[in-house]
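Protein chains in written order, with my numbering: chain U, 162 to 320; chain A, 162 to 320.
Treat the hints loosely; a few may be bogus.
[To be verified] Below 30 angstroms or equal to it, Euclidean Cα-Cα: the simulated DSS-like pairs (lysine-lysine) are: (1) A:K235 x A:K291; (2) U:K176 x U:K197; (3) U:K314 x A:K283; (4) U:K176 x U:K309; (5) U:K315 x A:K314; (6) A:K314 x U:K281; (7) A:K309 x A:K281; (8) A:K276 x A:K314; (9) U:K276 x A:K291; (10) A:K269 x U:K235; (11) U:K281 x A:K283; (12) A:K289 x U:K269; (13) U:K269 x U:K309; (14) U:K195 x U:K281; (15) U:K292 x A:K281; (16) U:K276 x A:K281; (17) U:K304 x U:K283.
[Stated by the list, open to error] Some chain U residues flagged as far from chain A (calculated, every beta-carbon gap over 10 angstroms): (18) Y169; (19) S172; (20) Q173; (21) E184; (22) F284; (23) K291; (24) K312; (25) K314.
Everything labelled a hint here was simulated from the structure, so no lab data went into it.
Positions of the beta carbon are idealized from the N, C-alpha and C atoms, including for glycine.
2 protein chains.
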Amino acid sequence: MSLFSSRYFMSQALKEAERAYAEDEVPVGAIVVKNKRIIARAHNQVERLKDPTAHAEILAVTQAASYLGNKWLKGCCLYVTIEPCLMCAYAMILARIEGLFFAASDEKTGAFGSKLDITKIKFNHSLKVKKGIMAAEASSLMKRFFEKKRKQKKGLLWV
Amino acid sequence: MSLFSSRYFMSQALKEAERAYAEDEVPVGAIVVKNKRIIARAHNQVERLKDPTAHAEILAVTQAASYLGNKWLKGCCLYVTIEPCLMCAYAMILARIEGLFFAASDEKTGAFGSKLDITKIKFNHSLKVKKGIMAAEASSLMKRFFEKKRKQKKGLLWV
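Same shape as in the complex, but just chain U (with noise of 0.2 angstroms):
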């Protein structure tokens, strides 16, 4: 896999979920690259942190914003393992985050074609969206999450 490749910064983002994962939080990782360099790296923190808000996206965009000192992100691409919800997807539109890319699609809640798409609204920016690349693992990462949590609700597994 070549360096600065959308698969390699995806392989970083799926870095990012398997940590989630490791400390038992829905499996979601994200990065934010800026001329081919990763800015942010962040995952899913809401039940550590007993925060809604702290998804992936929003820690990366955060942190990425703190690391310019600018608040718009102009010129950053997001990686971002699941498909983002509306939270996440209008704060990359005020982030000014040109583009997007994620792996796996998010039917329940995802924000770009699945639930609703939110590239159909007309904004004061807009970005360009990629989907699919390395959508296998990252859904089966969510899979294996899911099914733990199966298993440590009916007492099969102490955790």
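Got chain U; can you put chain A on it based on the hints?
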């Protein structure tokens, strides 16, 4: 004005908006109320934190969840001076906020009837919405803010 009335709570959100104004931030304030007690107070801090996600509502939701030690803000109402954007609207759904009160509408980006109406989309949680309380006060503060900004741009004010 009686304590514990919606008007009283909105006046407290307005106080937060005035703090934002004093800090040269777009003047939006929000509070979260549970059992008639204010458990979070926040105002827009996008410029200070250089964080596009630091809207008053997001900060108030995070604060309230931290106070309750729970990612779900059951039985909580959020009061905000301006109609929330899509990011904040969906954050409230994620947080299971019970009721939303907002003062003035935001024609450009409001997600509760202005730019679009998120309550028309079926999610696994819905919230009751009431708008209009102290709308004149909230929108007059916004007007004053943008007039000040225009004057600053023209070099008529040195602040």
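Against the structure, the hints come out as follows:
1. A:K235 x A:K291: 18 angstroms, holds
2. U:K176 x U:K197: Roughly 18 angstroms separates the two Cα atoms, so the pair holds.
3. U:K314 x A:K283: OK: K314 of chain U and K283 of chain A at ~28 angstroms, within 30 angstroms.
4. U:K176 x U:K309: 19 angstroms, holds
5. U:K315 x A:K314: Roughly 63 angstroms between the alpha carbons, so the hint for K315 of chain U and K314 of chain A is violated.
6. A:K314 x U:K281: 34 angstroms, violated
7. A:K309 x A:K281: 36 angstroms, violated
8. A:K276 x A:K314: Between K276 of chain A and K314 of chain A the Cα gap is close to 28 angstroms, so the pair holds against 30 angstroms.
9. U:K276 x A:K291: Cα-Cα ~26 angstroms, so holds.
10. A:K269 x U:K235: 22 angstroms, holds
11. U:K281 x A:K283: 18 angstroms, holds
12. A:K289 x U:K269: Answer holds: K289 of chain A to K269 of chain U is near 22 angstroms, not above 30 angstroms.
13. U:K269 x U:K309: 20 angstroms, holds
14. U:K195 x U:K281: Distance of about 26 angstroms is within 30 angstroms: holds.
15. U:K292 x A:K281: 27 angstroms, holds
16. U:K276 x A:K281: 13 angstroms, holds
17. U:K304 x U:K283: 34 angstroms, violated
18. Y169: 26 angstroms, holds
19. S172: 26 angstroms, holds
20. Q173: Label holds. Min Cβ-Cβ 22 angstroms, cutoff 10 angstroms.
21. E184: Nearest chain A Cβ is 15 angstroms from E184 of chain U, so the label holds.
22. F284: Given a closest Cβ separation of 8 angstroms, the condition is violated.
23. K291: 22 angstroms, holds
24. K312: 22 angstroms, holds
25. K314: 18 angstroms, holds
The structure fails hints 5, 6, 7, 17 and 22 (numbered hints given earlier, in ascending order).
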